[in-house]
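Trainee: The lines below spell out each chain.
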Amino acid sequence: RKEVEQDPGPFNVPEGATVAFNCTYSNSASQSFFWYRQDCRKEPKLLMSVYSSGNEDGRFTAQLNRASQYISLLIRDSKLSDSATYLCVVNIYNTDKLIFGTGTRLQVFP
Amino acid sequence: DGGITQSPKYLFRKEGQNVTLSCEQNLNHDAMYWYRQDPGQGLRLIYYSQIVNDFQKGDIAEGYSVSREKKESFPLTVTSAQKNPTAFYLCASSVRGDTEAFFGQGTRLTVV
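Protein sequence lines, in the order shown, are assigned to chains A and B. First residue of the first sequence? That's 559 in our numbering, and the numbers climb one at a time after it. First residue of the second sequence? That's 91 in our numbering, and the numbers climb one at a time after it.
Honestly, the hints are just simulated from the structure, not real lab data. Wrong hints could be hidden among the right ones.
What the hints assert, rightly or not - The calculated DSS-like cross-link candidates involving lysine-lysine, where the alpha carbons are at most 25 Å apart (straight line), are: (1) 173/B / 560/A; (2) 655/A / 161/B; (3) 655/A / 160/B; (4) 603/A / 173/B; (5) 655/A / 147/B; (6) 600/A / 655/A.
As the list claims (entries may be wrong) - Covered, in the sense of this in silico footprint (three residues per stretch, anywhere, with C-beta under 8 Å from a C-beta of chain A), are these stretches of chain B: (7) 117 to 129; (8) 135 to 145; (9) 177 to 189; (10) 193 to 201.
Glycine residues also receive a C-beta, built at the ideal position from the N, C-alpha and C atoms.
Working from the sequences, and respecting the hints, build out all of it.
Mentor: As structure tokens, this is what we get:
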């Protein structure tokens, strides 16, 4: 089983839609969680950290469920510019490694 | 401007040649990482370093080597032992291993 798993998509949604991605992780000792965005042929960029209590940044909401070992990303009122690949990232306690999921591709159409 | 710089952006090499990819950061970060990304794939960890003069193998270290002689520099050498070196190579740095990482713009290596 992969350490971090994501649905590869693609998710094709119209502008204005709400879309949600899930990411599961296998190691219960995981302690830090992030969502990154990667545009085609570009480097990944931090979208948001994920906190235990959940957190929101504008149209983006991240949630953590430690009991079920998954994190989620909700995007409301999707924009064309949201089209990208979204990467789930996990750090395991007492290691210095950031483990990346393979990413979920989002395509927003007019 | 603070940031992380990779060079060159594109690199072409003949099969059998070693090649070194540069990564420099002026963010005063302790941790640095090298990842490889193949088309349509996720990022795979090659090597990482938490402190000067120390580094650890990641999941796909075979055929690669690194050094960390200075805090701000973490060069990656792709050796002739790497069977499929053509890929997009990404360097990243973070304050420490459990904090968010920031990436350079990447180097696209093509071996012909």
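Trainee: Now, for every hint given, state plainly whether the structure supports it.
Mentor: Status of each hint after checking the structure:
{"no.": "1", "hint": "173/B / 560/A", "in the structure": "23 Å, holds"}
{"no.": "2", "hint": "655/A / 161/B", "in the structure": "18 Å, holds"}
{"no.": "3", "hint": "655/A / 160/B", "in the structure": "20 Å, holds"}
{"no.": "4", "hint": "603/A / 173/B", "in the structure": "29 Å, violated"}
{"no.": "5", "hint": "655/A / 147/B", "in the structure": "10 Å, holds"}
{"no.": "6", "hint": "600/A / 655/A", "in the structure": "22 Å, holds"}
{"no.": "7", "hint": "117 to 129", "in the structure": "holds (count 3)"}
{"no.": "8", "hint": "135 to 145", "in the structure": "holds (count 3)"}
{"no.": "9", "hint": "177 to 189", "in the structure": "holds (count 8)"}
{"no.": "10", "hint": "193 to 201", "in the structure": "holds (count 4)"}
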